[in-house]
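Following the hints, position chain B against chain A.
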Amino acid sequence: MIGLLAKPNRAWRKSRLAARLLLRKEAGRLSQRDRALANRLSQDPDVSNRLIQQALYFLGVGPRKHAFDRNLVGGRN
Amino acid sequence: MPSIETWWAGEIDWSAPAGQLLKRFVAALPKDRPFHITVFGSAPLQLTVDRNLLSGDVDIFSDDDEDLSPIVEAAGLGKTHGGFHLELGFELSFRTSPRWRQRAKVVQLAQVTLTFPHPIDILIGKLNRLEPKDMEAFKRVIELTGHPTASELLAELQNAVDLFRPAFDDDSPNHYPENTRRLWREVFQCEIEVRREIIEPAIHRRRQGYGEPPPDYKGALKS
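Same order as they appear, the protein sequences are chains A and B.
For reference, each letter of the first sequence is one residue, going 1 to 77 in my numbering.
For reference, each letter of the second sequence is one residue, going 1001 to 1223 in my numbering.
Hint data in this document are derived by calculation from the structure and do not stem from the laboratory.
Backbone N, C-alpha and C fix where the C-beta goes; we use that ideal spot for every residue, glycine too.
Errors might be hidden in some of the hints.
In silico contact screen, one side only, chain B against chain A (beta carbon under 7 Å); selected entries [stated by the list, open to error]:
1. Pro1214
2. Pro1215
3. Tyr1217
4. Lys1218
5. Ala1220
6. Leu1221
7. Lys1222
So here's chain A without its partners, still in its complex pose:
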């Protein structure tokens, strides 16, 4: 039962973690461990750009989203 409940949240939890790592990266505060985790999440099929974007809004990036995107992602679209 716990497995069934946990499964639907997995993608969201990972994407939220990915969003936190991006915020840390933008602030220049990524540790070695963070970098390794970020790299793993970048290849994780559960993690999607759309869900990361939702997580970023969830974490309060909304008012400065465009600046955040410019600084972090730049012309990567």
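For chain B alone, coordinates are given in the frame of chain A:
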């Protein structure tokens, strides 16, 4: 733009040929359980707009795709018996606006719930073939009700944009674009650019509803 519901009261003329046939059909159905049936094709127009809009059959489908042919045949109301008859279809046969159920007229006759789509949805369904009798139906509905206007129909077709998607196979190509152009020429006496006026605005609105496309955050995680 006035609501699409305001120009159609949906009053059923049960004395029309289609009404008489439906009453016979309802009387033939088993009384011990409910039935949910939709009447499509030209019959709803005959029953609610113009009793002179005649055809040889009444198209119906069971809302749960139940096979009603044994009942129809036993009651002598199928095509094999000749004369005015019931033509059984499926909901998949009724290609029209996705909004059709929310503006249909629903009538209860004993244990049978009959659904009659709004004329706009019947007419949109006729764009699939747009045979001469279908074109006549458009003209007659507009003549009697003043609707749909060109702008009303345009808005409705935008909401039904998926009807304009290319066909699955070459044997049955999608005639909606071509028939829409034909209809505009004959009924509204002007040209319509289907892609620019129907498809593109609809797709644009749909994309807006999906929200902003996200940047490549996964790529940013890598570096």
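Here's how the hints hold up against the structure:
1. Pro1214: Hint on B:Pro1214: holds, closest Cβ of chain A at ~4 Å, below 7 Å.
2. Pro1215: Holds, about 4 Å.
3. Tyr1217: Holds. Min distance 4 Å.
4. Lys1218: Given a least distance of 5 Å, the restraint on B:Lys1218 holds.
5. Ala1220: holds, 5 Å
6. Leu1221: Since the shortest Cβ distance to chain A is 4 Å, the answer is holds.
7. Lys1222: Where the cut-off is 7 Å and the nearest Cβ of chain A is about 4 Å from B:Lys1222, the hint holds.
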